[in-house]
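Protein sequences, first through last, are from chains A and B.
For the first sequence, the numbering used here gives the first residue as 162, with consecutive numbering after it.
For the second sequence, the numbering used here gives the first residue as -15, with consecutive numbering after it.
Calculated directly from the structure, the hints in this document are not laboratory data.
Where hints are given, some of them may not hold.
Unchecked claim - One side of the interface only, derived from the structure: several residues of chain A facing chain B at Cβ under 10 Å: (1) His223; (2) Glu227; (3) Asn228; (4) Gln230; (5) Ala231; (6) Leu234; (7) Ser235; (8) Pro236; (9) Glu237; (10) Lys243; (11) Asp309; (12) Trp312; (13) Met314; (14) Pro317; (15) Glu320.
Since the model is a prediction, treat every value here as computed from it, not as a measurement.
Every residue gets a Cβ at the ideal spot worked out from N, C-alpha and C, and that includes glycine.
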Amino acid sequence: MSTIEQTKQGIPTGTWAADTVHSSVAFEVPYAVATFGGEVTDFEATLEDGTLSGAARIESIHVKEENLQAHLLSPEFFDAEKHPVVSFTASDIERDGDNVTVDGEITIKGITQPATLTGTITGPAVDHFGKTRVGFKLSTTVDRTKFDMNWNMPLPNGEPALSNEVTLKADLTLVAQEA
Amino acid sequence: MRVLAISGSLRDDSNNTALLRALREEAPEGVEVDIWQGLKVIPPYDHDDDVVPGPEAVEAFRELVRESDAVFFATPEYNSSVPGALKNALDWASRPLATNSFRNKPVAVISSSAGAFGGVWAAAELRKVLGAMGARVTEAELSVGHAHEKFGDDGRLADDDVREGLRAALDTVVTAALDRAAAA
Chain A
162 MSTIEQTKQG
172 IPTGTWAADT
182 VHSSVAFEVP
192 YAVATFGGEV
202 TDFEATLEDG
212 TLSGAARIES
222 IHVKEENLQA
232 HLLSPEFFDA
242 EKHPVVSFTA
252 SDIERDGDNV
262 TVDGEITIKG
272 ITQPATLTGT
282 ITGPAVDHFG
292 KTRVGFKLST
302 TVDRTKFDMN
312 WNMPLPNGEP
322 ALSNEVTLKA
332 DLTLVAQEA
Chain B
-15 MRVLAISGSL
-5 RDDSNNTALL
5 RALREEAPEG
15 VEVDIWQGLK
25 VIPPYDHDDD
35 VVPGPEAVEA
45 FRELVRESDA
55 VFFATPEYNS
65 SVPGALKNAL
75 DWASRPLATN
85 SFRNKPVAVI
95 SSSAGAFGGV
105 WAAAELRKVL
115 GAMGARVTEA
125 ELSVGHAHEK
135 FGDDGRLADD
145 DVREGLRAAL
155 DTVVTAALDR
165 AAAA
């Protein structure tokens, strides 16, 4: 038996905040012949009267190689000293069954660009503690050079080592806040 | 404000060091340009020696960078790239990467050579190295070709265009340092 009870369809109204333990914000970028990934662990997200907003402290970026982590925080990539927060906001959210499309804006390195996130929505539903939750599993692909992240190195075959196309992923569990 | 000036050349009659002396003359009020000449005493980088604390000369260099608001490089070009002694000092200074003394430090790179191209490839390589170290590489740009022809018999810079280029490069890196200080 499921411990979560489905309550209704549609984009929920009211105020919802991310349960960050059960949420994640991550990225993937093709690198040489593989895909390199990482996540940002210090973030918050809310859904308030139909507007989905999120912000992450880029100092909390985590990748498996410490020198790369330091490089990502440097002026060549996120420039965390100057631009410590990346953010997202969207008020145009459309649901079609379990699928969802979110049109909004992403701000990275102080530069704001439009972005369309697609994915799935689950709930709202009541969990076994009586909290009402809604889940969003979203992703989008951005061109990092539009956010002034132009670093690259040529591989021996002349191809660039790092792709400009970066996939951003947010797996959010939002909990209804009591009025 | 303190700007640490580093020449990539060790020789006494270096054109790049002479450019830094001219830079010092152009420093506006409130900006002190200190020319560092310790490159020759930095030992070759050896991972086995890369412990805490590091070699005395290395620790002194790291501290000098840490205490400076900006760093200004003037480099010659050896075999299309950065002189080994300068690269060696930066390899030491870059360790450990996440907390090294150049991290977020505004830097300017200029170059000069006896040839026509003025060391542009060395300057580009040096900017690449500094960027990888996490420095805040400014857009300051000046490559002085036929550098030996730019100085008078007294050894002082005698070219107004180059002098103006030095002023512009210094202004760029000082502005970046002021912006950084204001945001802190």
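A quick look at each hint next to the structure:
| no. | hint | result |
| --- | --- | --- |
| 1 | His223 | violated, 13 Å |
| 2 | Glu227 | holds, 6 Å |
| 3 | Asn228 | holds, 5 Å |
| 4 | Gln230 | holds, 7 Å |
| 5 | Ala231 | holds, 4 Å |
| 6 | Leu234 | holds, 8 Å |
| 7 | Ser235 | holds, 4 Å |
| 8 | Pro236 | holds, 5 Å |
| 9 | Glu237 | holds, 5 Å |
| 10 | Lys243 | holds, 7 Å |
| 11 | Asp309 | violated, 13 Å |
| 12 | Trp312 | holds, 7 Å |
| 13 | Met314 | holds, 9 Å |
| 14 | Pro317 | violated, 17 Å |
| 15 | Glu320 | violated, 18 Å |
Of the numbered hints given earlier, the model fails hints 1, 11, 14, 15; all others are met.
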